[in-house]
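Student: Protein chains in written order, with our numbering: chain A, 723 to 1047; chain B, 138 to 612.
Which residues of chain B face chain A? A partial, calculated answer using Cβ under 8 Å:
{"hint": "1", "residue": "365"}
{"hint": "2", "residue": "374"}
{"hint": "3", "residue": "377"}
{"hint": "4", "residue": "378"}
{"hint": "5", "residue": "388"}
{"hint": "6", "residue": "399"}
{"hint": "7", "residue": "402"}
{"hint": "8", "residue": "406"}
Computed, partial: chain B to chain A, Cβ under 7 Å:
{"hint": "9", "residue": "193"}
{"hint": "10", "residue": "195"}
{"hint": "11", "residue": "384"}
{"hint": "12", "residue": "389"}
{"hint": "13", "residue": "400"}
{"hint": "14", "residue": "401"}
{"hint": "15", "residue": "403"}
Pair ranges (Cβ atoms, derived):
{"hint": "16", "chain 1": "B", "residue 1": "561", "chain 2": "A", "residue 2": "976", "range": "57 to 67 Å"}
{"hint": "17", "chain 1": "B", "residue 1": "516", "chain 2": "A", "residue 2": "1033", "range": "48 to 58 Å"}
{"hint": "18", "chain 1": "A", "residue 1": "869", "chain 2": "B", "residue 2": "320", "range": "25 to 35 Å"}
{"hint": "19", "chain 1": "A", "residue 1": "820", "chain 2": "B", "residue 2": "185", "range": "26 to 36 Å"}
{"hint": "20", "chain 1": "A", "residue 1": "843", "chain 2": "B", "residue 2": "327", "range": "20 to 30 Å"}
No wet-lab data here; the hints were simulated from the structure. Glycine is no exception: its CB is placed at the ideal position from the N, C-alpha and C atoms.
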Amino acid sequence: MALLSRVAESLFWLGRFVERAENTARLLDVTYHGRLEPGTIDVAGAKNTWEALITTLGFNRLYAELHADVTEQGVIDFLTVDRRNPSSIVSALTSARENARGCRDQLSSETWVAINRLHHATAGRNLHLILADGLYDFCDTIRQGAQTFHGTAENTSLHDEGWYWLRTGVLIERADMVTRIVDSKYHLLMTSLEEVGGPLDRYQWGAVLRSVSGYEAFRRTHASGIDAPAVVGFLLLDRKFPRSLRACVDALRDVLDQATEGAEPRLRNPAMREVTALQNRLQFATEEAIIGGGLHESLATTQAALATISQALSEAFFWASSSAA
Amino acid sequence: MHRSLQSYEFGTGYDEIFEAPGVPRAHCRAVVEALQTLTDADLTEARQRADLAFVNLGITFTVYSESEGIERIFPFDLVPRVIAQDEWRRVEQGLKQRILALNWFIQDVYNEGRIISAGLVPAEAVYASPNYRPEMRGFTPPNGAWVHIAGIDLVRDADGTIYVLEDNARTPSGVSYVLQNRLISTRVLPRLFAQSGVVPVNDYANRLHAAVRACFGPDPAVVLTPGMYNSAYFEHSFLAKQMGVQLVEGRDLAVRGGRIVMRTTRGPIPVGAIYRRVDDEFLDPLNFNPDSALGVPGLLDVYRAGGTCLVNAVGTGVADDKSIYPYVPDMIRFYLGEEPILANVPTYRTADPKDREYVLAHIADLVVKPANASGGYGVVIGPSSDERTLAATARAIENDPAGFVAQPLIRLSTCPTLIDGEYQPRRIDLRPFVLFDGREPWVLPGGLTRVALKEGSFIVNSSQGGGSKDTWVLS
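Using the sequences and the hints given, assemble the complete structure.
Tutor: Right under this line is the structure:
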C-alpha cells in the first residue's frame, strides 16, 4: 500500500524523537553519576561538566536565555522536564507521541501502547519528583521504554515502507548524537595529551563509552585498554557496535534504499548519493587519519552530511515540501 | 449476593437488570448470579486493570472547555447492560425501518419532494433548515445510499417503552467504544462474559468496509479525519486500522483530473470512496466554508460529477434535524407503507404557534433542546432548572421559534453501576449503529450504552460527565 507523505514524515520524526529522548537520558545519567566520582570534580569542576553537556547537545543559546547560571539543577531541569526546551526528554516524548498519534492507524497497536506508556511515565514528572526518586531511575525508565518501543516496533510491525521511514529517523538521530558525544570530548583529547593514559583520561573516556552502552563492548574488543584514539576509532568506525557512527550509517543506507525503493530517481538520488558518499568515507577512514586531520572538522562534516540527507528526504518525500505529490 | 447488589434500590423507574429490589429480570439472572461471585477485591482489581488498559491503549476523547482541549478517557463501567434476545429482534427491525425511511426521505427532498407535495412535511421545515444543502438538488448518490451509517439514540421510559430520542445521520460517533469496551470487559471479567452467551460485535469493521466499498470501487477507500485534535480522532484512526485503509486529512488529498488523489511518497494515487468524519460545511472551502483548512478544494464538484463517493452523503443533516424528527413516523408510513415499530418521543415544534403556546405554558415540565446542536449542549431540563434559566429559555424561544423543540422528560431507565465500590442505579441510554449499503440495512448487535455517572442526572454525553458500559445482546 502506498504511504502518505504526511505519514512518512510523522514516522521519521517519531523515530528521531524517541531516539533523542533516549540519548539525552543516557548522557544525563553518565554526566550525573560521573560527577559523583572522587577526583573528577577537583580537576574539571562540576560546573564545567554540566556546561560541557549543554555544549554537546548544542543548547548554549537556549539555555542562556532561560537560566542565568549553569547549575546542576538548572541543567537537569532543562534536559528533563522543561517544555520550553523542545528537545528536553519530556518535550521529545510529547513530540514523539504527537507524531505517533498523527499516524496511529499505521502503527501496530502494541507499538502505540509502547510509546503511549513511555509518554505517560514521564509527562507528569517534575524536577522535584525526579530528584526524589533518583535521576538514575528516571533515565532508566526512558532507556527501557525506548528499547521496548524499538523492540515492539520491530517485532510487531509490517516491515513495509513506513517501518523504513521510522528506522531512517532513528538512525540519523543516533548517528548525529554519537558525533556530538565524541566531539564534546574533543577538548579532553587535546588537553590531556601530556598525560595520555593517565587515570583521569581513562575515566573520562570510560564515561563516554558508558553513555552509549559501549563500555563492555569496547573492553571485549580492545584488550590493551582505554586510550583516546582507540575509543574514537571504536565509536566512529567500529562495524559491529550498533551505536557507532559507521554501523549507523551502514544501516541508514540500507533502510533508505528500502524506504525509497521504486521512487523516481530525481526524488531518490540526492539522499542516496549523500549517504553512499558518507558510507564510503567511513569505510576507508582510520582513527589516526581522523584525529590527525582534525577531529572536530571531520565530525562537523559528518553532521552536515546527515543534515543534507535529512533535508533531501524532506524535500523529496515529506508532506511539508514534497515534490512527489 | 454482594451487599450493595442485595440492597440495590432503584426507586420507581424502570431498571434494566432488576424487576424489583433483589429480583433480577429473567434474562439477567445468569449475569446477576455471576456478578454475585465477585468480591470487593475482584471488582477493585478489575476496575484498576480496565482503567490502566484504557490509558495505555490511549482510548481517549478530547473535551473542549474554555481554552484548550484536554484528553480524557471515557469512563467505563464494569457492569454490562443486558438486552434480551426477543426484545433486541424487535429493536433491530425498528432501526432498519428507520434508516430506510430517513434515506428515502433525503433522496426525496433533494429530488421530487413527494412527501412535501403530499402535505406530510411542511416545505419550510425542509428547505429553511440550515442543514439542507441546495448544492445537492437533483443528485442521486451511488446505489441511492445517502445514509450509510446512522446512530439512532434510544431511551426507555419508566413504563418500559423504548423511544427513539434522536437520529444521527451525519457522522455519528461512538462505535469504537462499543468495540473497545467489549475488548476490555472480556479481558478484565473473562468468566462473567464467558458464562453469559453474548452476541459478538467484532464484525462491524468488515461490514463497514463492505458498505463503504460497495458505493465506489475498486480504488482504495480512505477515512477522512479533521486531524488528531478532533475529539473523535481516536475513533477515526481505530476504524481506519480495523478496516485496513488509510487515514487521511484534507491536506493529504487533492483534485486531479476529475478524481480525488492522495499525496504519497510515490506521487498522487487515486482514492475510491471516502468515509469522511468531517462535517459538510468543512469539506470543501470552494463550495462551503471558505475558511476551512480541513477540507479539499473542489471535492464537492468531483463528488457531484461521480468521481468519488462520500460516506455519508452531503446533505444528510436535513433528516436528523430535531425539527424534522417529529415527522419520521409519517416518513415510515409514506415510504415503506409500514407502521413504525419504534415510537418517537412526543415532540413540540416551537415554530408552530399552538405548540409554542403549550411549551411556554409548561416549560417547567419539559425538556427544551436547540433544534440544531448535538453533544447535549444547550439542553434545558425544566424540572431541574431554576426560574431564571426557564425565563431565559422562554425568551430564547420567543426570539427564535424555529431554533428549538421541546419534549416531555423521559425518566430514563437505570442500570446498576459501580460507584465507589457500591452498585448504584444510574440512568442510561443506547446508541445502536446501523449500516446501509443501498440494498439491505445491518444493525450492530447492541450499541453504545452511555451512563450518567452523576446521581440523578439525565445527561449521558461524554462531554458532560457521562460514561459507558458494554452492551450485551444475549444469544
